[in-house]
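*Asks:* So you can see what is in the structure, the chains are spelled out below.
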Amino acid sequence: MLSLKHLQDTKLSPLALLDTAYIIVLFPLMLILKVPMLLFSFMVLALLFFKKTPADKYLILFVFLMGLLALYLSMYGLFSFRGLSRLKLFLELLVYVLIIVVSMQRLTKEINFYLLLSPMLFLALSLFFFHGIVMLSYVIFEIFFLLWLLLAHRMDGDMIESFRSSMVMFMYSLPWVVVLFIFFPRISFDHADYGFKGEKIQRMGHDGTMFLDSKALLVPSDRIVMEVGFDKEVPSSNKLYFRGSILYVDKKDHWETLPKYIKRENRTYHPMQGETVEYKVTLYPTQKRWIYLLDMPVEAVNDSELDSDLISTVEKPIKAPLHYTARSVLTPTFHDDLDQDTLDASTHFDPERNPKTYREAQKIKNHYKKTDKRASALVNFFQNQSLTYSLKPKALDINNSADSFLFDRRLGYCVHFASSFVTMARMAGIPSRIVTGYKADKTNSLNNYLAVKERDAHAWAELYINEHWVRIETTNTASAIDGESAQLLGTDTNQKDKTLIERVNLYLMYVKYQVETWILYYSHIRQLQLIQYAKDNPRFVLLFVLSLLVLVLITFSITAYFRRPRCRHKILCIIEPLVKRLRKEGYIRKKDETMHQYFLRYMKDHPENSALKEVDSYYEAVSYGGESSAATMKQLKRMVEKSLSS
Amino acid sequence: MNYTIASEFTVLIDAIETHLVGKRETIALSLATFFAGGHLLLEDIPGVGKTTLAKHLSQVLGLDFGRIQFTSDMLPSDILGVNYYNQKEGAFIFKKGPIFTSFLLADEINRSMPKTQSALLQAMEEGSISIDGTLHTLPKPFFVIGTQNPHEEVGTFPLPTSQLDRFMCSFGIGYPDSVSEREILKGERGHSSAVSETLLRPQQIESYMKQASEVTLSETLLDFLQEIIAYTRESGVFEYGLSTRGALSLTAMTRSWAMLQGRTYATADDLQAVTAVVCSHRLQFKEGSTTAKRIHDEIFTHVRSDI
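Quick mapping for you: the protein sequence lines, in order, are chains F and D. Just so you know, we're using numbering that gives the first Met the number 0 here: the first sequence kicks off at 0 and counts up by one. Just so you know, we're using numbering that gives the first Met the number 0 here: the second sequence kicks off at 0 and counts up by one.
The following block holds chain F by itself, in its conformation from the complex (with noise of 0.2 Å):
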């Protein structure tokens, strides 16, 4: 921003108010603007730049000429009838359409009402595109701009009065815009559909099935799929699996939950071993049925069941922000008396596929005759395949996958090890399905707050070992990492340290998850739990007071700053704290005094005051002499000084 100085005197035209506006807006846009269209930008403002005059039709007409090429050219490829149905699509090609006319409004060099209303609504544009906190921060700051250049604009472009005048409104309002922010729903695609198809996009996520094939490219996604809080410290990253559902039937290409007729039992209650937790969730909606819950639940929360393989499911996809509070056992593994129809999902392999998984997995059989032998021998021998953990692996032979994974390609994610692992440990005759869910980053923690994203997704194997299943991360198996998939998910050595933004970017999401529960869910138990702890720590409701007067207080002393007389002058800011102490010793410059016979008055009763003296003249040369040198200044602020200490 411009320093405040420098805006003393500035006067803007309506125009450059107007073009001002213009570059606060477009400026997140611009990251969107395909090349053409960012070129097309370009020479439009380099138009501007260089052409004084108003342009006449025949630019305005090349310039629009110009601006259906770049469309064009931006949109080659993407654009259909078709392609409009998507959101994404149509908005951007309103923004080249807004940016085309603006281009061709703003050459005229006269304010129209289409010139007065775009930058709003590019302003609301570009909240299609960007969601986050840095979008958030930025929108504020295009708000308080836009008010600042449209009250500029009324006072004749006097930039340092609007700022002022823009600042109190700004001030008085933040409150409201925070308790709004926090309060009012926010946009996002997946309610802003209202008939158009939805993003076709790729990406990680928990979706009930697991696909193998890998032509399309993963990418990480930073998407809240819920929020936790714990109720002590949040366990270890190794501990910290969500379980989504269950797959047993391996379709080729992908693998499914059991067929619709094997009825999964409600659970019934089978005390577990080991660490307590509890913990409150807030899921977002996935418009899926799943619930997920910490490995293992020890029951079922709410309205949902808990059938006997630990999956928790709702009637109803989830279609809004769903809170719950839930209660697990921190541990791997579970007993569990398996029925026969789940015991064949469990075993079955088609002996056709995989051959040469097949003749290791015979291997191990023969050689192992107990079951937690075969597996950690099946263990070792995922751990010699040198495989490598890659979110961008070569496609499989789908006929073959375990095959062409693991003699093969070495290459892939969780998905092909858990895929490759489970049918491995079928051929050598242990009961075996994988899990999906999401294994949370302890990264993404704070105190005893938890994001899980999108990109936590995960898959996993279970074996079935002396009536327990056992929860093995084949992922572990893996040998080694390439380089950009541990760039993709944030494990890579060089960059551990979490960037200044991300840090930011969880304290906020930590202060607004706090607020949630605090505020918007648990209102009357949260009520009666908050009134029982401000009763047990006395110091909180004292903090809770101040922090509020503190708010106050700085709302109230921002406002008075920015509303106070200032002294219009350079000169009179300099001498204002002499003024002010004349003042406090009872010398109140008289409605008819010039500030020389304010100073003489004062200097008739303190003789001894030589400085003031100096002051005088100095303020005289400076105010009518013409006399402005920096010297001179720096003169006469130490007199100012002097003439203080005396």
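If you're looking for bench data, these hints aren't it; they were derived computationally from the structure. Here a beta-carbon is modelled for each residue, glycine too, at the ideal position from N, C-alpha and C. Heads up, some of the hints might be wrong.
What the hints assert, rightly or not - Non-contacting residues of chain F with respect to chain D, defined by C-beta distances greater than 10 Å in every case (computed):
#, residue
1, L67
2, F128
3, E160
4, M166
5, I261
6, R502
7, L550
8, K590
9, H605
10, S622
11, K636
To be verified - Computed list of lysine-lysine pairs in DSS-like fashion (alpha-carbon distance at most 27 Å, straight line):
#, chain 1, residue 1, chain 2, residue 2
12, F, K590, D, K185
13, F, K589, D, K285
14, F, K590, D, K139
15, F, K603, D, K292
As the list claims (entries may be wrong) - Partial list, derived from the structure: chain D residues whose beta carbon lies under 8 Å from chain F:
#, residue
16, T289
17, R293
18, D296
Following the hints, put chain D in place on chain F, whose structure we already have.
*Replies:* Chain D only, in chain F's frame:
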């Protein structure tokens, strides 16, 4: 008023003050009006030293002194001069009137008819007179001190505002203070008819006038000045506001007053010091009597320089 006259002008004031005791400020303001290139209107009762001031001022400045006593039967030609037919030469000859002098005392100017008044006032404004189509230039510098008696109403023709505007300043001399009066009564000082010594050469006068016109008026001061002018026009307390000529007189006097104090720039104090004398004959309160002090107070309690 707070001011310190520079030493080179103190000498002049001292010289005049020996004849006009206790009137230093009046003398200083007269000098300032002279250096500002304006004319002065002294408005006071007879016998307080108007003529004394004019006479000694002209002597100290070393200027030709001319005096016209205005009467009701005076004609413009009595002031300006007349073209008469010289039979010997067979041609019209211009006989210069008393106005052809550097320092003119126009005594009791309001006693003459408006026609005569305006003849003088036109000459004051333009520095030249034209008679029968011939232009006659008046000497330079040309300084007029007009006097008028405020209370005498019978047989007077009050100067219209437009004519008054031609005088840069207007003030009275007033009674001397008791200490000075005592000295005068004792006959120790003042009102002597002795001739004052000439203290300035014509070149010096010219250079001082030039100096006065070159005094800096800062933007801040001009802001203040404009606020004052705007106040006289817009506040509604005066019959009519300060004219542009009045405003120009105000700047010229402010500059000249600053120069008398040996400064090259003018301050808000200078402006305050001269505002009343420049405005007192130009502004008229809608209600109540108009005095210099009242004008000063009215303006400066409402308009204030922040600087």
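*Asks:* Is the Cβ of E160(F) more than 10 Å away from each Cβ in chain D?
*Replies:* holds, 16 Å
*Asks:* L550(F) clear of chain D by more than 10 Å, beta carbon to beta carbon?
*Replies:* holds, 36 Å
*Asks:* Please verify whether K590(F) and K185(D) have alpha carbons no more than 27 Å apart.
*Replies:* It is violated: about 43 Å lies between the C-alpha atoms, which goes past 27 Å.
*Asks:* Verify the proposed pairing of K590(F) with K139(D), using a straight-line Cα cut of 27 Å.
*Replies:* violated, 42 Å
*Asks:* Please verify that the nearest CB of chain D lies beyond 10 Å from K590(F)'s CB.
*Replies:* Non-interface label on K590(F) violated, nearest chain D Cβ at 5 Å vs cutoff 10 Å.
*Asks:* Taking the minimum C-beta separation from H605(F) to chain D, is that value above 10 Å?
*Replies:* It holds; H605(F) is separated from chain D by about 16 Å at its closest Cβ, greater than 10 Å.
*Asks:* For L67(F), is the shortest CB-to-CB distance to chain D above 10 Å, so the non-interface label stands?
*Replies:* holds, 53 Å
*Asks:* Hold the hint about T289(D) up to the distance rule: shortest CB distance to chain F must be less than 8 Å.
*Replies:* violated, 18 Å
*Asks:* Below or equal to 27 Å on CA atoms is what counts here, so check K589(F) against K285(D).
*Replies:* With Cα atoms ~26 Å apart, K589(F) and K285(D) stay inside 27 Å; holds.
*Asks:* Going by Cβ atoms, does M166(F) stay more than 10 Å from chain D at every point?
*Replies:* M166(F) is indeed farther than 10 Å from all Cβ atoms of chain D, at 23 Å.
*Asks:* Hint validation: R293(D) versus chain F, beta carbon distance must be below 8 Å. Holds or violated?
*Replies:* Given a least distance of 13 Å, the restraint on R293(D) is violated.
*Asks:* Does R502(F) clear chain D by more than 10 Å, comparing its Cβ with all Cβ atoms of that chain?
*Replies:* holds, 49 Å
The structure fails hints 8, 10, 12, 14, 16, 17 (numbered hints given earlier, in ascending order).
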